[in-house]
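Number of protein chains: 2
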Amino acid sequence: MQSFEINKSDLLKIQAALDGSDAELKNVLQEYHSSEIAILFEKLPVEARERIINILPADLASDVISEMDEEHNPGELLVGLHPEKRSEIIEELDYDDATDIISQLTEEDQQEILADIDQEDATSIRALLNYDEETAGGLMNTDLIKVNVNLNKKGALDEVIRQSEEMEEFYTIYAVDNADVLQGIVSVKDIIKARSNSLVGELMKTDYVYIKADLDQEEVAKLISQYNLTSIPVVDDNMRLLGRVTVDDIIDVMEEENTEDILKIAGVSEDEELSGNWIEAVKSRLPWLIINLATAFLAASIIRGFNGTLEKLTIISAYMTIIAGMGGNTATQALAVTVRRISLSDLSDKQAYNTVLKEFLVGLINGAANGIIVFLVALFYDKNPMLGLVLFLAMTGNLIVAGLTGAGIPLILKRVGIDPAVASSIIITTFTDCIGFFLPLWLASKLLL
Amino acid sequence: MQSFEINKSDLLKIQAALDGSDAELKNVLQEYHSSEIAILFEKLPVEARERIINILPADLASDVISEMDEEHNPGELLVGLHPEKRSEIIEELDYDDATDIISQLTEEDQQEILADIDQEDATSIRALLNYDEETAGGLMNTDLIKVNVNLNKKGALDEVIRQSEEMEEFYTIYAVDNADVLQGIVSVKDIIKARSNSLVGELMKTDYVYIKADLDQEEVAKLISQYNLTSIPVVDDNMRLLGRVTVDDIIDVMEEENTEDILKIAGVSEDEELSGNWIEAVKSRLPWLIINLATAFLAASIIRGFNGTLEKLTIISAYMTIIAGMGGNTATQALAVTVRRISLSDLSDKQAYNTVLKEFLVGLINGAANGIIVFLVALFYDKNPMLGLVLFLAMTGNLIVAGLTGAGIPLILKRVGIDPAVASSIIITTFTDCIGFFLPLWLASKLLL
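Keeping their order, the protein sequence lines are chains Y and A. Taking our numbering, the leading residue of the first sequence gets 778, the next gets one more, and so forth. Taking our numbering, the leading residue of the second sequence gets 778, the next gets one more, and so forth.
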């Protein structure tokens, strides 16, 4: 199973279904996991979101809403619903999720929503609303199993079973057939709440995320994070259950991958131990610096080629370092955003194209803005408007190159199967140094001499 | 509760206890959580580690070993133990942890260890050893609860209870007194395995990690990651149980904090949405670029100050860009490693001092190595040994400054309570640009003209 990305065909399918009857729409929605619907919501207008939430059963609707990104306003969506449907959905939400969503709303909307729901739930949510979102209180869930220290074994077990009936996510149990082939997942809660003649096969959910044993750990981490899973079953090619990966197993993987990303962007070998000694650090970094030195000689050879220009106009020497440096920083900004984005989810061709286009635009605008400043400095300090024009053009041109390479190179590397973070700032700034030296010198040689 | 860091007094206490009797040592060890002992092991010789493992009960010893960093060779520690103790410890380990540790050993040691343990365990571990460590198979645990689809409610519940007796981490239950004050934690497994007249108060563990509701979410994430917890209880000032934070709640926190780190190092505002449009991106990045432009004018004013030198020796213009650029890259390397290290754990004063010392040394050596290369280029290409000397000295000097500022500035910011990642490459490279321009120009004006 690959992590989900919106592609045109999914979107067209949903949009077509939105033109049809509720039954048709319901049918199409069944093909998607709640977190996939949450992602599709990003591309749908509010009316379409509301219609879908109204069609879905409350438990699924609450999953979708809790998995929506904060920036897409899940709270607003709730406010627009019929109060009865809304209360049903909120009662299905975990308290911490409900609190996060409700906290985004106005005081008035909060009161209205809390007045409608079960008063015990409302009290819990009101209590959680008092904590700062970025603290343990804002993260915590009040849904837990607790027993009195004075209970004996039987009393404690009875309590555990009684309380687990209330708990959304107690424990995932895997339902298999006689050949150990995975058939579905079922929660302890579902078993405890079932009628006594129910079979596991009738209780289980057959819509779940699973993975093959050879899936790369980075993909496993993406899936667990994207689908908000606490565990994910691992199967062989015949769907036989091999084991499960739990969310705590991927914490270390995530930290490792994040460290690698930061180090590679900064031109440090990914396997340098953060707490390693200086010998390891020299071994890990010197090769990158020597590559950088070679590329710096390349950039410097451009300066040598304009020796005549420099002799006549030494002032350009100071300005060209500014333009090259600004290009390096702009490229690093684009690189960091793009590499991080690729790390968190795979980009479709369309998204990749849009990313490069965005960075081109950002480079153009930031280039022009900074270009105007250097123009003004050259005009008022050096009293040289033509020099100002040269610097304006060079700055704009170099920051466009910076945006294009900062976003484009990691995306190209990803397409050809190379780790995009290898496009470290050392590699990217070679381009911005070369162009940053060439443009002012060349333009000066044409326009000023 | 703060995340744990080794300090001198803990280490001295353990070292003193190591000189005493087993009983004394055992007494001192009781003050530490298993993951704290794993961290203390980093500073202890192998014989001390072995003695401690031998003294600890098998379940605690297995916790310590599974929490040791791979680089400190938990496998070697196992090999050195008495086979009986070793088998006891391995049987307490989760299969995935046991596999990770055993996979580091030689084929011969692996066979010897697996021959000694329970054959069912050995078969499971052998199966896991076949998977690549970096795939789902390498991450997964075979310890799970599964039921046949044809079981009815009672059959399924009996199976769940039967299998949970075997499961290490089924679910954490909180033991409270009549006033809801947290007394300890107990697992479902412990309750099921208990004699029927046991009280919860006798079964519970009283050595556990808990947090207050106002703890910053970043600290919560560090604790959960450092202590390998699946959940952590949240209490008020009177130790009354308020709720719990589960590991899946902190996945998003971790991704968020990691994204912020990468963006800030690259000079992008931490709240720029990765998938935001170009308007947001310009708003988030232009202010940093304008700060950079101001600092670049500062660096360029140094060049202007040496106009006379530049007119007589235009070649220095090309070289000074190389020296400034190399300084920028060296500083970014030191910055990335230091910021990442601070993010993952708090550094003691001693560790902070050592980090700066290390980066000074790395800057010195990488500076001298690259300095020799530029010296040779100046000697053979420009036929100017004095120029070579100037460049060697300037390169070495600038890379030392780069190492000192790249490590020192984020550490100082952390000490005064500012986010260390704000020491973005934009700020740090101001230093390396200024020194990178000043040193070659000044040395050239003294030695070459």
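Calculated directly from the structure, the hints in this document are not laboratory data. Worth double-checking, as some hints may not be accurate.
Identical chains blur together in the list; that is why a pair holds if it fits in one copy or across any two.
[Claimed, not checked] Straight-line C-alpha distance at most 30 Å; calculated DSSO-like pairs for lysine-lysine:
1) 931 <-> 966
2) 862 <-> 1127
3) 966 <-> 982
4) 970 <-> 931
5) 1060 <-> 820
6) 1191 <-> 862
For each hint, the structure was consulted:
1. 931 <-> 966: Both ways: residue 931 and residue 966 sit 19 Å apart in one copy and 13 Å across, limit 30 Å.
2. 862 <-> 1127: For residue 862 and residue 1127, neither the intra-copy (36 Å) nor the inter-copy (58 Å) Cα distance is at most 30 Å.
3. 966 <-> 982: Result: close both inside a copy and across copies, 13 Å intra and 26 Å inter.
4. 970 <-> 931: both (19 Å within a copy, 11 Å between copies)
5. 1060 <-> 820: between (47 Å within a copy, 24 Å between copies)
6. 1191 <-> 862: This pair counts as neither: shortest intra-copy Cα distance 44 Å, inter-copy 48 Å.
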